[in-house]
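Trainee: 1 is the number of the first residue of the sequence shown in my numbering; add one for each residue after it.
Calculated from the structure, these hints are not laboratory results.
Model, not experiment: these values are computed from the prediction.
A portion of the hints provided could be inaccurate.
Only pairs whose alpha carbons sit at most 30 Å apart, straight line, appear in this in silico BS3-like list of lysine-lysine [unchecked claim]: (1) Lys392 / Lys302; (2) Lys392 / Lys92; (3) Lys376 / Lys392; (4) Lys302 / Lys376.
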Amino acid sequence: MVGLPAEGAANGAGPLPPAPVFSGGNRVRLLQGGDELFPAMRDAIAQAHAQLWLATYLFHDDDAGRAVADALLDAAARGVHVHVLVDGFGSKAAMSTLRRWLDAPNLEFDVFRPLDRWTAWLQPAQLRRLHHKLCVVDAEVAYVGGINIIDDRLDLNHGRTDEPRLDFAVELRGPVVARVQHVARALSLRAHLVHDWRFELRGLAQEDRPFQRAQALLRELRLSERLPAPGAPLLPVQVAFVVRDNLRQRRAIERSYIAAIAAAQARVDIACPYFYPGRDFRRALLGAARRGLAVRLLLQGKVDYRVAALAARVLYGELLGGGVRIFEYTPAFLHAKVAVVDADWATVGSSNIDPLSLLLNLEANAVVRDAAFADKLAQRFDAALAASHEVKAPPLRRGWRRWLSRGFVAWCANLYLRVAGITGRY
């Protein structure tokens, strides 16, 4: 069971950051791959009666994307207000098709940081991408995870694959859905204001109380909605929706991981395709291994992005030497960003453990405190681990070799951040 961490347990320097705010009384269902997510999401969209929001990094124009688009169009035709937000880079290849598909009454289609002009590439902010995968229907059901809207057996860089990529999402029902909807609505409003800010300014100028209206608008735009900490014990299932933005929540997801690892008492299992954690995160993992915990990492074995794989493998020696076990998943591409800590803490989301996700992108994870859910995810993790191969520890470097290795780590981090940001392959 994940208990309260000791002061400074994560990195030996000061107290841990505050934990995410959980709500109780939720229902959570684990979904593996688009084969499970898309039918569930389409069923929820078919029952929508008021509003729905969808935000995703990649919305592809294949059969899977067409089926989701048809469900959205059907909802809009029934009078449901539909808001779709896609990333300007992740969905760039399908953008013209998406604009044609999703041009309908009651359907608002926006693009986060569009790349419709060559000058956009000159803006440093273009490295900050929308990496969320969210869908919220009528404030009643939400889908959160790492699954893009694309066929499980299609990779944009490698074509068709025999096996589906390994990825997960969760279906959420209960009080936490309001928090997910707030974030989805704020994202949509932000993207919309980028295009129509002049119209909004004119509207503010015509208001009787423009200052109050401006304050209200800023509250709507804020991803880090302030939620009161619960005063009474929470009912199961407890869920926190944790986002990373470039304002107040820059390290929220990373800190939620570190706090859980520091408090762990038995096991830490993490699956992540793009793994290049910072010093505090590595210290937390190594600290857990030193305490005698089983610390296992499931990383990419079938590589789709060589710079990311190179960066991760540079860290293997340090982690393996400290007692962390590393497995590489080879049956298919790994895209899952999930973790299980002890018997009752789990997370599923969009955030990798790398510089892009932890320092730049907009990300969203669901953190669940529930033994039954953690057990289900642990079973899927163990099944994937059984199909993987374990990496054996290389000999430890000493003297100048160790110094050179550390310099190479820093160089890899810089290269990873720059090249991955330019290519968008994450």
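Trainee: Now, for every hint given, state plainly whether the structure supports it.
Mentor: Evaluation of the provided hints:
Distance check on the hinted pair: Lys392 and Lys302 sit about 17 Å apart at the alpha-carbon level, within 30 Å; holds. At roughly 40 Å between alpha-carbon atoms, Lys392 and Lys92 are farther apart than 30 Å, so this suggested pair is violated. For the hint pairing Lys376 with Lys392, the CA-to-CA distance comes to about 28 Å; that is within 30 Å, so the pair holds. A threshold of 30 Å between alpha carbons decides the hint, and for Lys302 with Lys376 the separation of about 25 Å falls inside it, so the pair holds.
Checked against the numbered hints given earlier, the structure breaks only hint 2 and satisfies all the rest.
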